[in-house]
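2 protein chains.
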Amino acid sequence: MRRLHHQPLSPFCRKIRLVLAEKRIEAVLAEETPWTRDLDFLRLNPAGQTPVFVDDDGTVVADSAAIFEYLEETRPERPLLPRSPAERAEARRLVAWFDDKMHREVTANLLEERVMKKLRGGGHPDSARIRAGLRNLTIHLEYIGWLAEKRKWLAGDELTVADFAAAAHLSCLDYIGDVNWDHSLPAREWYARVKSRPAFRPLLSDLMSGFPPPPHYADLDF
Amino acid sequence: MRRLHHQPLSPFCRKIRLVLAEKRIEAVLAEETPWTRDLDFLRLNPAGQTPVFVDDDGTVVADSAAIFEYLEETRPERPLLPRSPAERAEARRLVAWFDDKMHREVTANLLEERVMKKLRGGGHPDSARIRAGLRNLTIHLEYIGWLAEKRKWLAGDELTVADFAAAAHLSCLDYIGDVNWDHSLPAREWYARVKSRPAFRPLLSDLMSGFPPPPHYADLDF
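Note that the protein sequences, when read in sequence, are chains P and E.
Position 141 of the first sequence, counting from 1, maps to 141 under the UniProt record's numbering, and the rest follow consecutively.
Position 61 of the second sequence, counting from 1, maps to 61 under the UniProt record's numbering, and the rest follow consecutively.
No lab work stands behind these hints: they were computed from the structure.
Misleading hints may appear alongside valid ones.
Intra- or inter-copy, both count: the list cannot distinguish identical chains.
The calculated lysine-lysine pairs, modelled on BS3-like cross-linking and capped at a C-alpha distance of 30 Å, are [claimed, not checked]: (1) K118 x K101; (2) K101 x K117; (3) K150 x K23.
It should be emphasised that the depicted structure is a prediction, and the values quoted were computed from it without experimental measurement.
Only chain P is shown next, with the shape it has when bound in the complex (with noise of 0.2 Å):
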């Protein structure tokens, strides 16, 4: 059976875990804890890092944007890129830019400061990288907002990767109630459309122990 390894709260593997379930391909999740270095998983990656997908015959793809790649060239059905080299540039573009400029200044930041430490067992949370990154996160709503104004999705017409890459930043953020809705209409609608998909449901359902998620994060009318 095809299996994710992957962390709960991880942008990088519930986006894998969007594309997953919006392709309808079924995969068991096998849940990790990076930091206690446990072999088998360095093993299958040796970067340490979720996620990783292991396919029916055993291919290893470590690493999410080559699994991603990996899942849009093997299973082309449902695709998650438009179809000319200009457009499939733009959503990769901004896959980059949730996935490395937004994690960088908001996700990592706020994570590890309100989550991360706590699950390590390793000290206090840093007032100021917690401060700085809910800074970031109003210019990142902005333009998610932007873009959701100008566009029907984030990337253009249809549907991309870069929907599910910024929902799923959003959708970890919003699990530790550091979204204000409120700062951005156009965002707020676009994340209520990505989040009402039969994909993201197993998502809105999966709860960590000694972390609720606010009232709202599950409530498709928020």
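With chain P's structure known, arrange chain E on it following the hints.
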């Protein structure tokens, strides 16, 4: 005419320059200084980062992974990804290894402290970051050597973008004299093979004023 907006010592830009040259795609180089927040450049790429590729027809592609996939899709001759999805995934995993992990652990530390701070006029080098970068570099050299011993090229039997990603980082580090080539003979031999390709020549003759490379930098028999 096609254009690549770049920075001379950026490993992401060097990777794309190698890809362009290997695919025999000519492009004018436009040097950028992203820290000056030039508005024309921000209009091309709101992330304010190099590389940005502008194609003949005006298509603008930002982010080095998106540019690479775009070039591979629009110029499939002289491919830099293997044929099968599993092998393509391995090449992309390694690109992520070098561009995410090696960059964060090694290249970003050393380039920022030794070059970028001087270029931007922003303070003294942080010797702790330099030491960490140098220490981590030995581990990455060993990994490259281990791959080069097991395989003909880093991702398998064929030269791929993974070789160019790794060589782009090492060429930046070699320019600032930080690579101890005695540390891994297989890594050195693999790098000599990549370095002797015609695609590599423009990188070796590209000198930055104020930052002379060590004598062996452009030597094919280093």
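Evaluation of the provided hints:
1. Within a single copy, K118 and K101 get their C-alpha atoms as close as 24 Å, and across copies as close as 24 Å, so both meet the 30 Å cut-off.
2. Taking identical chains as interchangeable, the C-alpha atoms of K101 and K117 lie at most 30 Å apart whether they share a chain (22 Å) or sit on different chains (21 Å).
3. Taking the closest pair of Cα atoms, K150 and K23 come within 30 Å of each other only inside a single copy of the chain (26 Å); across copies the shortest separation is 35 Å, beyond that limit.
Going down the numbered hints, you'll see the structure goes against none, and every one checks out.
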